[in-house]
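*Asks:* Listed below are the residues making up each chain.
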Amino acid sequence: MHATGTKHSRRRSRSAKLAALLVGVALVAAACGDDDAATTTDDSAAAEQNATTTVEASSPAAAGDFSDLKVVMILDGSIDDGGWNTAHKLGGDAISAAFPGSTVEYVVEIAPGQTATNAFEDAVAADADVVIGTTFYQDDMMDVAAANPAVTFLTWAGFETAPNVGHFDGASEDGRYLDGMVAGSLTESNVIGYAAGFPYNEVNRAVNAFTLGAKAVNPDVEVQLVFLNTWFDPAVEQQAAEALVNAGADVLAHEVGAQVYATVAAQAGGYVIGYTNDWSQIEPEAWASSFLYNWGPYYVSQVQAVVDGTWEPAITFGGLKDGFISFAPYGPAVTPEILALVEAKKQEIADGTFDMFAGPITSNAGVVVVAEGATIPFETRTECCQWLVDGVVGEIPG
Amino acid sequence: MNDSVLVLSIASAVVAGTPILLAALGEIITERAGVMNLGVEGMMLVGAVAAFWCGTHTGSLPLALIVGGLAAAALSLVHAVLAITLRVNQTVSGLSLVIVGSGLSAFLGNQGDSPLLEAPNGVDVGPLFPEAFADIPIAGPIVFGHDVVVYLTLILVGLTGWVLYRTSAGLSLRAVGEDPAAADAAGLGVVRIRYLATVIGGFGAGLGGAYLVLAVLGTWQTGMTAGAGWIAVALVILAGWRPWLALIGAYAFGALRGLGFTLQIARVDIPSDFLAMIPFVAAYLVVVLVSASPARSRRVAAPAALGEPYNREHR
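Protein chains in written order, with numbering that gives the first Met the number 0: chain A, 0 to 397; chain B, 0 to 314.
Derived by calculation from the structure, the hints in this document are not laboratory data.
Please note that a few of the clues may not be correct.
Restraint ranges, calculated between C-beta atoms of paired labels, are given here [said to hold, decoys possible]:
| hint | chain 1 | residue 1 | chain 2 | residue 2 | range |
| --- | --- | --- | --- | --- | --- |
| 1 | A | S325 | B | W161 | 50 to 60 Å |
| 2 | A | G372 | B | I269 | 31 to 41 Å |
| 3 | A | A146 | B | G58 | 51 to 61 Å |
| 4 | B | D268 | A | P162 | 29 to 39 Å |
| 5 | B | E307 | A | A146 | 47 to 57 Å |
| 6 | A | Y199 | B | A138 | 18 to 28 Å |
| 7 | A | S188 | B | A133 | 16 to 26 Å |
| 8 | B | F273 | A | S188 | 26 to 36 Å |
Cβ atoms here follow ideal geometry from the backbone N, Cα and C, with glycine treated the same way.
Working from the sequences, and respecting the hints, build out all of it.
*Replies:* Below you can see the structure in the form of structure tokens.
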């Protein structure tokens with residue numbers, strides 16, 4: 000009696016466990032699959048609709064009507080993040096504006112990896128003509144591209160083209176140099192704090208350009224650099240920002256993710272330089288400047304080439320001269336005098352009369368890294384830098 | 000002297016440790032009753048977004064803290080139903096809570112015409128003591144320089160310890176976590192106590208998230224806890240389920256994490272990636288030392304029934 004009773008209740012509890020487990024798994028699946036699953040069903044529904052409308056409307060696709068044109072943009076974050084992804088969303092808006100009637104869809108929160116491959120496949124299945132990936136998706140989409148030669152693919156920072164695959168990247172250093180000029184003009188302690196993620200080429204290059212800009216207007220300035228070893232961890236970034244302020248920094252710059260630099264700078268009565276952010280609303284008094292990426296002109300030109308049938312695969316690295324870099328509104332502390340300096344230099348960079356990497360450049364270890372008369376050509380800038388320029392206080396670990 | 004890097008670092012360690020400490024205190028209460036809730040990270044996020052929303056609309060710190068606590072407590076109820084009533088595997092349920100909480104908070108933070116993502120902090124969290132106290136050498140910034148929540152957290156640590164070890168309610172709670180069958184036989188409502196402990200734990204996590212967003216960071220961002228909830232869970236084990244040790248652990252963690260940057264700036268010749276590792280290595284060392292010490296091994300043991308669903312018909 001007793002034994003069977005136990006067995007019975009065990010079985011019951013086991014089925015209860017199983018049921019609850021299923022609920023748990025369902026919760027997980029619902030949460031995980033939320034964004035992409037929802038979007039992809041939308042996509043395929045839209046694809047069916049598209050298919051039917053194209054059949055009905057058949058050929059009279061007159062000039063100025065781009066209802067057959069579909070662009071799918073795949074992003075690794077939210078389009079409302081106020082930084083990286085918002086910039087790409089604005090680029091998508093530019094496509095919509097330039098091609099009336101076209102469809103631009105956004106698939107958000109897609110981390111590189113298998114999820115990304117699925118997202119690219121879904122985009123193709125949804126009848127996209129152009130698929131844009133806004134982070135390093137190259138390894139996830141080359142096979143999808145090879146299997147779908149009729150679709151054009153563009154991804155950020157890829158280095159391997161195919162007949163239907165091109166890549167793009169923006170020269171953040173063009174913007175960083177000008178942000179550095181603003182920081183160098185604003186600092187009174189002559190210490191600028193700079194929090195960076197990892198010592199990759201792009202990060203080091205941005206730090207170097209920033210420091211060169213700061214030193215151009217203020218030769219006594221030091222850029223106190225810390226590496227955080229994370230791309231996003233606000234609590235860690237808060238401590239780093241405080242440590243920089245405690246070390247005497249009265250202007251904070253960063254190349255990570257958190258908004259906390261603005262609040263820490265404001266508390267300390269200093270200024271903050273964003274990284275593709277606009278924090279003029281969050282801390283209006285402390286806000287100084289930030290460059291932004293401006294992807295619209297590039298995206299529109301690429302889609303136009305696809306429409307015209309003249310598209311060629313390319314790796315496009317664009318700076319100020321190419322219209323890839325723009326700027327957030329400057330803060331109240333940026334005086335007309337500073338602004339005039341910055342605008343003049345901006346013009347010189349854009350028309351090619353000023354080269355920020357023209358030698359001689361000495362690293363902060365005392366080594367001449369760019370000789371007198373030499374430079375780092377724009378085309379090979381992405382191969383730079385594993386050194387930090389004189390004026391940076393800090394070092395590349397390892 | 001009060002401008003010295005050492006004094007400022009210690010002062011900032013207290014602030015950095017407080018969100019983790021609040022969440023860990025809650026989790027200690029939950030786990031002491033035998034319920035393991037790994038969903039702290041998700042609950043902190045939901046607490047943070049609710050508190051930030053409340054703060055921007057009311058400007059009231061106490062109200063924002065309470066709303067943050069209550070939002071996370073509501074989420075912890077999901078875990079309570081799954082883990083206590085339905086007796087589901089508590090690890091699975093806790094992990095789903097993390098994912099649900101992350102998604103829910105990201106969703107909520109992005110709603111409306113003026114999403115919280117771009118909103119400035121509505122709450123002014125200033126030091127509790129008058130400015131004159133800040134001039135006291137060393138003690139000024141370290142002891143008197145903080146906001147009201149830091150001191151409140153200290154009181155909560157004492158209160159939690161007192162309730163756990165000096166009251167019959169605490170005895171009941173621990174009994175349920177050690178031997179629910181015996182507690183049940185003694186007439187304690189195991190299910191009721193476990194529910195209560197889980198919800199209190201959720202409230203603590205919510206307070207931690209609320210403090211993090213309102214006082215430490217001052218802005219809401221999607222996923223802003225970035226693992227703080229997991230550190231709180233680890234801290235509970237590290238502290239041997241004891242409030243006072245959790246306090247030391249949380250402040251030490253904050254201090255060591257800040258130390259990494261202080262050393263980088265002081266140009267100490269240690270790679271920064273190694274410095275970033277210090278708090279975690281220190282945590283391992285403490286765990287090893289504590290569990291290797293024979294005198295303490297009995298006292299730092301986990302609640303005997305931790306993570307095990309209680310079924311009255313199962314005896």
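*Asks:* Confirm or reject each hint.
*Replies:* Hint check:
1. A:S325 with B:W161: 50 to 60 Å: For W161 of chain B against S325 of chain A, whose Cβ atoms are near 59 Å apart, the range 50 to 60 Å holds.
2. A:G372 with B:I269: 31 to 41 Å: With a Cβ separation near 38 Å, G372 of chain A and I269 of chain B satisfy 31 to 41 Å, so the hint holds.
3. A:A146 with B:G58: 51 to 61 Å: 56 Å, holds
4. B:D268 with A:P162: 29 to 39 Å: 51 Å, violated
5. B:E307 with A:A146: 47 to 57 Å: 51 Å, holds
6. A:Y199 with B:A138: 18 to 28 Å: 43 Å, violated
7. A:S188 with B:A133: 16 to 26 Å: 21 Å, holds
8. B:F273 with A:S188: 26 to 36 Å: 29 Å, holds
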